[in-house]
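Chemist: Required output: the full structure, derived from the provided sequences and hints.
These protein sequence lines map, in sequence, to chains A and B. Per this note's numbering, residue 1 is the first one in the first sequence, and the count goes up by one each step. Per this note's numbering, residue 1 is the first one in the second sequence, and the count goes up by one each step.
Just so you know, the hints here were simulated from the structure itself, not pulled from any lab data. No false leads were slipped in.
One-sided excerpt, in silico: chain A residues whose CB lies under 10 Å from chain B:
1. GLN300
2. SER301
3. PRO302
4. ARG304
5. LYS312
6. ARG316
7. ASP380
8. SER383
9. ILE384
10. ILE387
11. SER390
12. LEU392
13. GLU537
14. GLY538
Label-pair distances were calculated between CB atoms; the ranges are:
15. A:SER32 - B:ASN36: 33 to 43 Å
16. A:LYS534 - B:GLU115: 33 to 43 Å
17. B:SER134 - A:ALA269: 35 to 45 Å
18. B:GLU218 - A:MET102: 50 to 60 Å
19. A:ILE33 - B:SER134: 38 to 48 Å
20. B:SER134 - A:ARG15: 24 to 34 Å
21. A:SER272 - B:VAL110: 55 to 65 Å
22. A:VAL480 - B:PRO165: 51 to 61 Å
23. B:GLU193 - A:GLU537: 39 to 49 Å
24. A:ILE33 - B:LYS10: 33 to 43 Å
25. B:LYS71 - A:ILE12: 50 to 60 Å
26. B:PHE14 - A:LYS534: 19 to 29 Å
Don't be surprised by glycine CBs; every beta carbon is placed ideally from N, CA and C.
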Amino acid sequence: MKKEFYIAKALILSRLNSIAKKKKYRKFLIPSILAIIAVVFYFIQKFAIYLFGLRLGFLPNLPLYLLNLAVLAMLIFLFLGSITTILSVFYLSNDITLLLSMPVSGKKVFAGRFLYVIAEDSVYTLVLVFPFFTAFGIMNRLGILYFLLSFLFCIVLPVLPAVFAFLVVMPLANRVSSERLQNITMVISVLLGMAVYFVTQIANPAYGLFKNNHLTGIGTKLLLISKFFPSWAAAEFSAKFLQGSVLAGSGIALLFIGANVLLFYLAYALASKYYIKGLFNARRTERVVVKRKWIVKPGQSPIRALINKDLKMLMRDTKVKVLLFSNLAYLAFFAVAFGFMPSKSTQSGSFSSIVFLIMMYVIVDYFLCGQNTLINLFIDRESIWVILTSPLKSAVFYWSKFIPPFSLGIIVNLLLLVLSLILMGVKASYASIISLPVVIAMPFIFTVTALFIGFQFTNFHTPKDPRKLISGRVVLVLAVVYFVYILIFGIGIPILLSFIAKFKGISFTFLVSLIIFAIVSFGGGFPLVMLSIKKYEGLQITE
Amino acid sequence: MIETVDLTKKYGEFVAVNHLNLHVKSGEIYGFLGPNGAGKTTTIRMLTGLLQPTSGKVFIDGINMEEEPIKAKARIGLIPDTPSVYPKLTGNEFLNFIAAIYEIPPEESVHKVKEILEMLELSHKADELIETYSHGMKQKIVIAAALLHDPSVLILDEPTVGLDPKSAKLIKDLLRVYASRGKTVFMSTHILEIAERMCDRVGIINHGTLIAEGTIEELRRRVGEGEGTLEDLFLKLTGGEDTKDLLKFLED
Ligand SMILES: Nc1ncnc2c1ncn2[C@@H]1O[C@H](COP(=O)(O)OP(=O)(O)O)[C@@H](O)[C@H]1O
Ligand SMILES: [Mg+2]
Chain A
1 MKKEFYIAKA LILSRLNSIA KKKKYRKFLI PSILAIIAVV FYFIQKFAIY
51 LFGLRLGFLP NLPLYLLNLA VLAMLIFLFL GSITTILSVF YLSNDITLLL
101 SMPVSGKKVF AGRFLYVIAE DSVYTLVLVF PFFTAFGIMN RLGILYFLLS
151 FLFCIVLPVL PAVFAFLVVM PLANRVSSER LQNITMVISV LLGMAVYFVT
201 QIANPAYGLF KNNHLTGIGT KLLLISKFFP SWAAAEFSAK FLQGSVLAGS
251 GIALLFIGAN VLLFYLAYAL ASKYYIKGLF NARRTERVVV KRKWIVKPGQ
301 SPIRALINKD LKMLMRDTKV KVLLFSNLAY LAFFAVAFGF MPSKSTQSGS
351 FSSIVFLIMM YVIVDYFLCG QNTLINLFID RESIWVILTS PLKSAVFYWS
401 KFIPPFSLGI IVNLLLLVLS LILMGVKASY ASIISLPVVI AMPFIFTVTA
451 LFIGFQFTNF HTPKDPRKLI SGRVVLVLAV VYFVYILIFG IGIPILLSFI
501 AKFKGISFTF LVSLIIFAIV SFGGGFPLVM LSIKKYEGLQ ITE
Chain B
1 MIETVDLTKK YGEFVAVNHL NLHVKSGEIY GFLGPNGAGK TTTIRMLTGL
51 LQPTSGKVFI DGINMEEEPI KAKARIGLIP DTPSVYPKLT GNEFLNFIAA
101 IYEIPPEESV HKVKEILEML ELSHKADELI ETYSHGMKQK IVIAAALLHD
151 PSVLILDEPT VGLDPKSAKL IKDLLRVYAS RGKTVFMSTH ILEIAERMCD
201 RVGIINHGTL IAEGTIEELR RRVGEGEGTL EDLFLKLTGG EDTKDLLKFL
251 ED
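Modeler: Written out as structure tokens, the structure is:
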């Protein structure tokens, strides 16, 4: 197993290097990662202890439920990411060809990469899930064996999602080329995400926590299925330790760990037979046939030509298609799952409808106008010299990047407005009026913010990793900004508005809402537009 | 016409281009010669408005790049050192896009695009995505884009790297014709033979400083009595004498 470890080690090192790009930061990297892990771990454990200590009369073994839930949440997270991870690590990674030209067998490449995937995912499990076990152990004064077994439990937890994804991707890779493979896996992973979410929602013990009496016959049966989820093993072996039957508890834990190791060997055996074959197949490039009707008509205005070019490039880019498609699919799904279904049970009055509607717009616009704006902006990064050496006015370039995501946001918001009126009826009509300013203001605010942040990082040179469209720093800054936005616009303002609506009536609340969003748009948004255009004028190519 | 006045670029303490004073006349092919890392690309980026100088000025046909960048840029066609162009557009689409942002009238652009694609022997690839082009073909599509709006100043950064002999010859002929029409051609290269054969005048840059300038003949004369070649002069001026030691080491 020596070469396998070298392969895994090289991958982990390059991963670490990509986090700390400058050499002088590298020596601080591992200590600081460990420090962050320790702090996060400590707080999660503290939180878990607090939760476990809650006394809920209707739920006697709350800690076990929560433990189950933590593991389940982690599994969902792992399942959601598994297919894309496996696809990129096993089939599309740039160094694979190089590895294959070296005297290393295919199954060793497989094993090395698999270990890498597990190692990376285990870090997440150890930080996010293991504290729940330790909290459980500390609270119930369980022996060292419990901690050891739950540690191993967390380490092997990512095996099932990874093997599952590998078993989905591998047969596909043997048949289709990479371009098509990406398209197919994108659809599969979105469907999978929905399916996993759906099943877990029904079979989720937490569901029973609140709506036990609502469960139908099918619901009870599905609840039984949840016993087959790996998360059940966590609760079960912990329960056995709690009851003092260490032997039974260890047995269950070891069974789980052993099953996962077996699963790995199953994938390993299959990989030695099929992995390399599929690899060569998937790496053959497919010729894209360009349809005639897409050709630009001569004599377009610069701004139309710019937008036209962006849309074309977006439509032809599989990576972008993956992002757009999954965004939209999740959106549609969550809108139904979270929004319109529960909205049936929301109580009368406009209180919850206002919060619900505005929050929906904010989240939808975050996807459509926040993320997509950046994708649309950075699609120019390799070829920015074409724009920068041309006699284009900076404002023209700016608005060409603004119009598509902004219009998309407005259109989708209006559709949602109509949809919510149809589905929620009169109840929503007051809320709709009050949230009307949001329909226009939110796409504007998200789009100009994304453009502003995008322009601050003049990171327009060719990305090292072709799979990374947007630089990590931009994503990081945006995540923080958007988190604050969702807090303010998605939660704070709607709650405020619904309070006002309760006491002052519709027309007054509408006025308040109009004024708030007008101030934010004009006072906050337009300065950002001006600053971005100014920034563009000073844009340089430094690398 | 290109003119620079004390053009300087510093990266922190490091001076990449040092008080450069260039004077390139219309109708002239100017060779900007220097070893790797001399500051050629940095200079070209400042000439084309891709990089702001630390100090000094750039004039394109007498237009100050800093004060009227849009007017100045409208007169330039750039062929950069790496031909990175929109991979997901076809050659045809890319050229039509260029025509639109340079605001070439439609009746003109239609036959111009066709003509240029034919001249550069890219017609058969015109409706395929640029990402499927070879390196040389990508370079040709960039050349086509630079020529499309008939710029009065053509700036090329090491243009013949990656071109096959036939295409390289085509470019040479093209530049000749272009200069004879009274346009300015500014070309950086580290290949002496190209400078020698094509350029009316040559400037040699090393460590960011212009160390010699003149026609090939003038430079020859400076080497002394015609005995040395331009290569000897180049190596002498740019401190490349060490390479002779290297050659010797390899021969032994
Ligand atoms: N962004 C940058 N930061 C620091 N130094 C740079 C940067 N870009 C170029 N340089 C340095 O400036 C010098 C000139 O580079 P360049 O103009 O690319 O040379 P060349 O003549 O080969 O085109 C080189 O020493 C290079 O390392
Ligand atoms: Mg260069």
